[in-house]
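**Q** Chain residues, written in single-letter form:
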Amino acid sequence: DAMVIQNPRYQVTQFGKPVTLSCSQTLNHNVMYWYQQKSSQAPKLLFHYYDKDFNNEADTPDNFQSRRPNTSFCFLDIRSPGLGDAAMYLCATSGGTSGYNEQFFGPGTRLTVL
Amino acid sequence: GENVEQHPSTLSVQEGDSAVIKCTYSDSASNYFPWYKQELGKRPQLIIDIRSNVGEKKDQRIAVTLNKTAKHFSLHITETQPEDSAVYFCAATYYGNNRLAFGKGNQVVVIP
Numbered sequence: 002d003a004m005v006i007q008n009p010r011y012q013v014t015q016f017g018k019p020v021t022l023s024c025s026q027t028l029n030h031n032v033m034y035w036y037q038q039k040s041s042q043a044p045k046l047l048f049h050y051y052d053k054d055f056n057n058e059a060d061t062p063d064n065f066q067s068r069r070p071n072t073s074f075c076f077l078d079i080r081s082p083g084l085g086d087a088a089m090y091l092c093a094t095s096g097g098t099s100g101y102n103e104q105f106f107g108p109g110t111r112l113t114v115l
Numbered sequence: 027g028e029n030v031e032q033h034p035s036t037l038s039v040q041e042g043d044s045a046v047i048k049c050t051y052s053d054s055a056s057n058y059f060p061w062y063k064q065e066l067g068k069r070p071q072l073i074i075d076i077r078s079n080v081g082e083k084k085d086q087r088i089a090v091t092l093n094k095t096a097k098h099f100s101l102h103i104t105e106t107q108p109e110d111s112a113v114y115f116c117a118a119t120y121y122g123n124n125r126l127a128f129g130k131g132n133q134v135v136v137i138p
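Here the protein sequences come in this chain order: A and B.
Positions 2 to 115 (the working numbering) are the ones given, in order, by the first sequence.
Positions 27 to 138 (the working numbering) are the ones given, in order, by the second sequence.
Taking lysine to any residue and the SDA-like style, the derived pairs with C-alpha atoms no more than 20 Å apart in a straight line are: (1) A:39 / B:130; (2) A:45 / B:120; (3) A:45 / A:63; (4) B:68 / A:8; (5) B:68 / A:6; (6) A:45 / B:28; (7) B:48 / A:42; (8) B:48 / A:41; (9) B:84 / A:101; (10) B:68 / A:4; (11) B:68 / A:95; (12) A:53 / B:124; (13) B:84 / A:103; (14) B:130 / A:41; (15) A:45 / B:68; (16) A:53 / B:122; (17) B:68 / A:37; (18) B:68 / A:25; (19) B:68 / A:113; (20) A:45 / B:133; (21) B:68 / A:12; (22) A:45 / B:33; (23) B:68 / A:108; (24) B:130 / A:103; (25) A:39 / B:71; (26) B:130 / A:47; (27) A:45 / B:32; (28) B:130 / A:42; (29) A:45 / B:113; (30) A:39 / B:68; (31) A:39 / B:67; (32) B:130 / A:37; (33) B:83 / A:103; (34) B:97 / A:101; (35) A:39 / B:36; (36) A:45 / B:127; (37) B:130 / A:58; (38) B:68 / A:9.
Bear in mind the hints are in silico, worked out from the structure with no lab data behind them.
Only chain A is shown next, with the shape it has when bound in the complex:
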């Protein structure tokens, strides 16, 4: 089945220790997104790629970076995680032929910062 996959599902890191989260998709969608979701809140868009074009949100901290080496994979790098970065990180894709932004989410990676 076509899907969005995130690894790992749970990640524990130490304060200040870099961490990388990964996302892959078999939908062949041209847009990939990274969202941060904290408890009882809506997903907050960090950035997205349209093909290779990177689009950063104005309020995304510099601590968050992303890479998209090919259509299928996208990575979220947190250079120096702080306690406030503990959250669920959701990857999503879109790019159906309709032109409407139907987004498909991965299962998420829950990040714990010690």
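Assemble the complex: chain A is given as a structure, and chain B must be docked to it using the hints.
**A** Chain B alone, transformed into the frame defined by chain A:
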């Protein structure tokens, strides 16, 4: 940019009753309105969406209505069941835009 407001923040209903969640949006250019359901600890999943060329769309027990003049859209769940308990997010965007503006979410609790 688009601003989506969602009310109420929490809704409790008896099993079998109907639930209605209402969202308002600010940008008259928005023409696509999806609804996502997120169960505890799981991913948001698209459950229904509506485009601005129609006023209502139904899929079994769920329906969405859109009032473009008033700039609001609503999710209707009939004959609620315990598995409908979740957080529901509305969103808005326009054709060709890669960003979704999400509402803050609504916790629906179905009481058996």
